[in-house]
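*Asks:* Listed here are the chains, written in short residue letters.
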Amino acid sequence: MTARSALAVLATLAVVGLAACAPADNAGSGTTTPSSADACSKDKLALKTAGTFAVGTDKPAYEPWFSGDDPTNGKGYESAVTYAVAKKLGFEPAEVKWQTVQFNTAFAPGPKKFDLDVNQVSISEDRRKAVDFSTGYYDVRQSVITTAGSKIANAKSIADLAGAKLGAQVGTTSYTALRDVIKPKQQPAPYDTNDLAVQALKNRQLDGIVVDLPTGFYMTAAQLDNGKIIGQLPGGSQTEQFGFVLEKGSKLTPCVSQAVDALRADGTLTKLQEQFLTAEGAPELS
Amino acid sequence: MSDWQPSELQQERLAYRRRQTVRSGVIAGVSSVLVLALVVFGVGSTPGWPRVRQTFFDFHRGWQALPVVAQGLWLNIRVMLVCAVLIVVFGLALAIMRTLRGAIFFPLRVFAAAYTDVFRGLPLLLVIFLLGFGVPALQLRGLPNQAVIWGGAALVLTYSSYVAEVFRAGIESVHPSQRAAARSLGLSYRQTLRFVVLPQAVRRVMPPLLNDFVSLQKDSGLIAVLGVIDAIRAAQLETAEDFNFTPYVVAGLLFVALTIPLTRLTDWVARRQGWYGGGGGPV
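Going line by line, the protein sequences match chains A and B.
Everything in the first sequence is counted per the UniProt record's numbering, starting at 1 for the first residue and increasing by one.
Everything in the second sequence is counted per the UniProt record's numbering, starting at 1 for the first residue and increasing by one.
Don't read these hints as lab results, they were simulated from the structure.
Worth double-checking, as some hints may not be accurate.
As the list claims (entries may be wrong) - Straight-line Cα separation of at most 35 Å, DSBU-like style, residue types lysine-lysine; simulated pairs:
(1) K228/A to K97/A
(2) K42/A to K271/A
(3) K202/A to K75/A
(4) K218/B to K183/A
(5) K271/A to K59/A
(6) K185/A to K218/B
(7) K75/A to K44/A
(8) K87/A to K248/A
(9) K202/A to K218/B
Bound conformation, chain A alone (with noise of 0.2 Å):
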């Protein structure tokens, strides 16, 4: 073969190479709609034991979401939504039997012993292959956190944010919202991980960091010393919410869906969220 001929060759094969480079699409996975939502009398519940609300949650059970470790006590915004949920569906408080279901087994695929589970699960499509959600009871929300001494410590509003150098992880929903609802004078200080954030914060290099209010509930408590959440930013388009987790295929999920609709739209999750979450140490900032 001549160098030429070796060179068309060659040529040729490269075009043929990339036009393999085809794209991949996926084809489009149609989600499963629950449409039966007419058996919800408590009677016709499909109960793990009739007559009994079986609820998981893992222990300890923390704030704000639980108060006192305690779910059976009805404080704190998962146990007041749970109970919520029980008396919309005919329950006494006394048919509620809480069970401790760890975290990761809760949304782990196969038979579940609890007919729902509400551990601060945000939905996903991933975890969806493997349990049943209810429609979120939790809009995750973004809030700014810092430690006591810092100088935004008694920021009330926005505006006295605007002056402090502030952080979030980068390409998350909270630098968008850092940047885009703050708008502080300081260029944002993006971080790989929270956890970069957090010992910046720590170092006094930054001022406040921008998280979901869960995480800055964590946060706050358990890894910063002084920690102090300043407050919630307004509520955007959020995609991120926490569910019930039932199991798979379960025909308890509609009804429960169904329940925290209603009490969506009667203001009753609303209500509880002030109750539990704004005034347990997240005001509102505007």
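For chain A, the structure is supplied; the task is to place chain B on it using the hints.
*Replies:* The following block gives chain B in isolation, referenced to the frame of chain A:
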């Protein structure tokens, strides 16, 4: 004016050579155009190409991201310039320390050797984390807190060890006879170093030094992990909005656009000064 003409044979030879030159020029041109057309057509007609173009080479998106990315690049440039000066100073000092002679300088030699061993071995990212998050965590009075300063310090510490080794190689490449000649002319050790050894050493290591400089320019972006926005981080933030990778391409092009002129300039200066070839002139 002379009537001299090349011989007929010579004219024939010249004409033949001219024809050959034209012919190879035409062939090279035609084959280049053909290959280019083949590539453009081949790549352009593949089913994935529109998606590639849209994701990586979206002109509008790139233009939109340019100001932000360029602003990030300005940080890279400032960090690079400040660090480069410090690195040259420290690197040269370390190299001189390590090439000092005499028993009394033993501790200095050991220090320089240990320093280069340690900081050449440590990954740059590790040093950045260690200084950028670790030192401010000490909350010591009087130490600065800014991420840029500690990130820059990490760059200087690490790159000084590379550059010190480059300088040392240059210093040791100067033939002993040069030193001997200088000393026998009555120059002191210091004068010998200043007027005889270093000028030759620095010329010889110019290309590898430039290598380190270009490398520094790119690694200056690593301090973005400390929460500052350089060109790459700016591009990342842009990309996170719509998962269009054009901002990365823009940042890459800016970096390349920064290094190429630098390389050409250094080459040009070196050639003009007759640095290459040890001053012997063209051979």
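*Asks:* So which hints don't hold here, by number, going up?
*Replies:* As far as the earlier hints go, not one is violated by this structure.
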